[in-house]
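**Q** Quick note, the sequences are listed as chains X and W, same order. By the count of our numbering, the first sequence reaches residue 553 at its end, each step adding exactly one. By the count of our numbering, the second sequence reaches residue 135 at its end, each step adding exactly one.
Any given hint could be a false lead.
Said to hold, decoys possible - Taking lysine to any residue and the SDA-like style, the derived pairs with C-alpha atoms no more than 20 Å apart in a straight line are:
1. X/K426 / W/N61
2. X/K426 / W/G85
3. X/K426 / W/G113
4. X/K210 / X/A27
5. W/K49 / W/S109
6. X/K426 / W/V57
7. X/K426 / W/N111
8. X/K445 / X/G127
9. X/K25 / X/V71
10. X/K426 / W/A58
11. X/K426 / W/A83
12. X/K25 / X/D72
13. X/K426 / W/M32
14. X/K426 / W/K80
15. X/K426 / W/G87
16. X/K25 / X/K75
17. X/K101 / X/S112
18. X/K28 / X/D156
19. W/K49 / W/R129
20. X/K426 / W/A82
21. X/K426 / W/G60
22. X/K426 / W/F86
23. X/K426 / W/V56
24. X/K180 / X/Q10
25. W/K49 / W/D72
26. X/K28 / X/D17
27. X/K426 / W/E33
28. X/K426 / W/A88
29. X/K426 / W/S59
30. W/K49 / X/L521
31. X/K241 / X/R283
32. X/K426 / W/V89
33. X/K210 / X/D156
Stated by the list, open to error - Chain X stretches covered by chain W per the calculated footprint, using a threshold of three residues with CB under 8 Å from any CB of chain W:
34. 222-233
35. 481-494
Said to hold, decoys possible - A few chain W residues that don't get close to chain X, going by computed Cβ distances all over 12 Å:
36. M32
37. A41
38. M51
39. V57
40. V69
For the record, the hints were derived by calculation from the structure and aren't laboratory data. Glycine residues also receive a C-beta, built at the ideal position from the N, C-alpha and C atoms.
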Amino acid sequence: MTTRQRSRQARDARIDAGAKLAKGKIVEARDATRLLEAVIRPGDRVCIEGDNQKQADLLSAALLAVDLAKVNGLHMVQSGVVLPEHLDVFERGVAKRLDYAYSGPQSERIATMLFGGRIELGAVHTYLELFARYFIDLTPNVALIAAVSADRDGNLYTGPNTEDTPAVVEATTFKDGIVIAQVHEILDKVPRVDIPADEVHFVVKADKPFFVEPLFTRDPGAITETQILTAMLAIKGVYAPYGVRRLNHGIGFNTAAIELLLPTYGEKLGLKGKVASRFALNPHPALIPAIESGWVEQVHCFGSEVGMDDYVRARSDIFFTGPDGSLRSNRAFCQTAGLYACDMFIGSTLQIDLAGNSSTVTASRIAGFGGAPNMGCDARGRRHPSDPWLQAGREADPDGPAPLRRGRKLVVQIGETFGDKNVPLFVEKLDALELAEKLKLELAPVMIYGDDVTHIITEEGIANLLLCRDEREREQAIRGVAGYTDVGRARDMNTVRRLRERGVIRRPEDLGIDPLDADRSMLAARSIRDLVRWSGGLYAPPSRFRNW
Amino acid sequence: MEDLRLRYTARQRAGGTKPMALVGVVASGNLEVLAERVLPDTECQLEIKTAAEGFGAVWDAVAADFVERYSPGGLRFSINDGGARPDTVWLRLAQATRSMEGDQ
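Using the sequences provided together with the hints, build the complete structure.
**A** Structure representation (structure tokens):
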């Protein structure tokens, strides 16, 4: 008789092999590499947990050290390529194929290795997309995850940084895979159970907490007057007229400026309670003044942010918290929330072309997508109405029959016409296209497609692409806010003037905004120290952000 | 380093009576602008010392639009530029012109 339970038998054999190194489920850190050699088979699909925030750093290092005779040719399926070890495993031959979502800090090295053919690339995904594939065709054989603490049975406490763990574990453990967790502490009883013990096979005790990157901390001291001007334009020219209550912000300085202008400029415009009250967002320190001023009703988080734990704990009316009192984040759910339950995404990018396509890929850097494309796209499966969504749909298709007309998510790109080192934001052709040619990719890595973008905001004004009726208008609307970049200076003056008369392009003066009012004194907090003060001393910024 | 000198005709004289004003700072990505009321009422001049070379056409485009919009007749702007972006240049010129609008 043929068995239909081969993978279960294989899983049990792996567990037996690993159990020889364990006391119960507990394995000492010095045996971590031997554990991985015992349970991982050549060519396995392996997920090392890590995203733009927390990292299973001990297990990454342990995997790099394996005996190549026992473990090789792995297919890595992981959210983040962030630690040097994540790429070292390819140089050593431990791994050969990669499917991933985000590679921020390694963006330069991963590009070099892809060009050099050192990595066989499956695809670059969004987080949610990669999680989805864990359940269909990229199910991990072994997952190496990170938690704060475990009990002797293997119940895991992930603390405020739960992030990707539930999605990774669900896909692995319920399809006969092996789940190995690194934890900092073994306790008799964990503060709360984020992952139940019967989903976890081994627990490795690390001598220090997992690494977390404070990616979402923006120092208000570095916000420029031009960024403040773009933030004023966004609040008065988009948040107010659409009445956007449910939204997601990117991580750039422009959106940090918006967060810091809500209690000042937003208040002056009488918008409190009318806009920006419910977020799919990490606990951004820059949001503290808006929370303390009563602007924010509710925030669901992808992950946590270094230094925000005590503040979040003390503001459980706003954040999702567990029975232990600390934040419960969940990347998969928060991405879904951003996709289906938010009416707006607003964020920055590195390049925008004449059709409004945008990308963070440059000739020598591949940063991946992370979550932005899920936030910054129109969810075609959405079926519930809301005022901003319906208004955007009406602007895009004014003559369509209302009951059959889809709404539109507001997808707003915000930035200065020139970025760091005077590099223009607007380009004729995205670097992503050149990269796709060089790597022979079937799909260029576009962060947000032009047909999803509804507004582009620069210091020169707002282009409302919903109101453009053809490709040419769209191009001129984009050129019309592209300032003194080559793209901006090549505009057709007459068309841009007509677009302005129709309100497709709106200048600061059309909105009653004097650029000279864009002053740093308008920011509710002008330094990290101000944020600490706003938090009543609860926010504890990482040392590199302390300059007092 | 590059030195640029740009001249424009303004529609009318800059408001106010202040003889000079100084805004901004010399720093990377920033600039210092000294405005002086020393020219005939319909003339405007920019004397630029910039750390970034090869941006003459952009300076001219920014300055021409600025003069058209703010009409700073009679003003000479002396600029120490640390490679500021056009939006910052525009902002400092506007700040300098506004500062000149005060009384002496």
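**Q** All hints are to be evaluated individually against the structure, with a verdict given for each.
**A** Hints and how they fare:
A hinted pair counts as satisfied when its Cα atoms are at most 20 Å apart, and X/K426 with W/N61 qualifies at roughly 12 Å. In summary, the hint linking X/K426 to W/G85 is supported, as the alpha carbons are separated by about 14 Å, within the 20 Å threshold. Only pairs whose Cα atoms come within 20 Å are accepted, and X/K426 paired with W/G113 is accepted, the gap being roughly 11 Å. The suggested pairing of X/K210 with X/A27 holds, with an alpha-carbon distance near 11 Å, which does not exceed 20 Å.
For a cut-off of 20 Å, the pair hint linking W/K49 to W/S109 stands: about 16 Å separates their Cα positions. Pair hint X/K426 plus W/V57 holds up; C-alpha atoms about 16 Å apart against a cutoff of 20 Å. This hinted pair checks out: X/K426 and W/N111 have alpha carbons roughly 17 Å apart, not beyond 20 Å. Pair hint X/K445 plus X/G127 holds up; C-alpha atoms about 12 Å apart against a cutoff of 20 Å.
At most 20 Å may separate the alpha-carbon atoms for a hinted pair to count; X/K25 and X/V71 meet this at roughly 17 Å. For a cut-off of 20 Å, the pair hint linking X/K426 to W/A58 stands: about 13 Å separates their Cα positions. About 10 Å separates the Cα atoms of X/K426 and W/A83, which keeps this hinted pair within 20 Å; it holds. Between the alpha carbons of X/K25 and X/D72 the distance comes to roughly 18 Å, so the proposed pair stays at or under 20 Å and holds.
With a C-alpha separation of about 16 Å, the suggested pairing of X/K426 with W/M32 holds against the 20 Å cut-off. About 18 Å separates the Cα atoms of X/K426 and W/K80, which keeps this hinted pair within 20 Å; it holds. Restraint check for X/K426 and W/G87: the C-alpha separation of about 16 Å stays at or below 20 Å, so the hint holds. A threshold of 20 Å between alpha carbons decides the hint, and for X/K25 with X/K75 the separation of about 17 Å falls inside it, so the pair holds.
Restraint check: the Cα-Cα separation between X/K101 and X/S112 comes to about 18 Å, which is no more than 20 Å; the hinted pair holds. With a C-alpha separation of about 13 Å, the suggested pair X/K28 and X/D156 falls inside the 20 Å cut-off, and the hint holds. Taken as a hint, the W/K49 and W/R129 pair is honoured in the structure, with Cα atoms around 10 Å apart against an allowance of 20 Å. Note on X/K426 and W/A82: the hinted pairing holds, with a Cα-Cα distance of about 12 Å set against a maximum of 20 Å.
At most 20 Å may separate the alpha-carbon atoms for a hinted pair to count; X/K426 and W/G60 meet this at roughly 8 Å. A C-alpha spacing of about 13 Å is found between X/K426 and W/F86, which places the hinted pair at or below 20 Å, so the restraint holds. For a cut-off of 20 Å, the pair hint linking X/K426 to W/V56 stands: about 18 Å separates their Cα positions. The straight-line distance between the Cα atoms of X/K180 and X/Q10 is roughly 11 Å, inside the 20 Å bound, and the hint therefore holds.
Pair hint W/K49 plus W/D72 holds up; C-alpha atoms about 14 Å apart against a cutoff of 20 Å. At most 20 Å may separate the alpha-carbon atoms for a hinted pair to count; X/K28 and X/D17 meet this at roughly 17 Å. Only pairs whose Cα atoms come within 20 Å are accepted, and X/K426 paired with W/E33 is accepted, the gap being roughly 17 Å. About 17 Å separates the Cα atoms of X/K426 and W/A88, which keeps this hinted pair within 20 Å; it holds.
Straight-line distance between C-alpha atoms of X/K426 and W/S59 comes to about 10 Å, which keeps the hinted pair within the 20 Å bound. Taken as a hint, the W/K49 and X/L521 pair is honoured in the structure, with Cα atoms around 19 Å apart against an allowance of 20 Å. For the hint linking X/K241 to X/R283, the alpha-carbon distance of about 18 Å falls within 20 Å, and the restraint holds. Under the criterion of a C-alpha separation no larger than 20 Å, the hint pairing X/K426 with W/V89 is consistent with the structure, at around 15 Å.
A C-alpha spacing of about 11 Å is found between X/K210 and X/D156, which places the hinted pair at or below 20 Å, so the restraint holds. Counting residues of the region 222-233 of chain X whose C-beta lies closer than 8 Å to any C-beta of chain W gives 3; at least three are required, and the coverage claim holds. Given a C-beta distance limit of less than 8 Å, the hint that chain W covers the region 481-494 of chain X holds, as 3 residues qualify and 3 suffice. Residue placement check: W/M32 keeps its beta carbon more than 12 Å from all beta carbons of chain X (closest about 16 Å).
At roughly 19 Å from the closest C-beta of chain X, the C-beta of W/A41 stays outside 12 Å, upholding its exclusion from the interface. The beta carbon of W/M51 sits about 19 Å from the closest Cβ of chain X, which is more than 12 Å, so the claim that it is off the interface holds. No beta-carbon of chain X comes within 12 Å of the beta-carbon of W/V57; the shortest separation is about 16 Å. Even its closest Cβ contact with chain X, about 23 Å, leaves W/V69 beyond 12 Å, as expected for a residue assigned away from the interface.
Checked against the numbered hints above, the structure breaks none of them.
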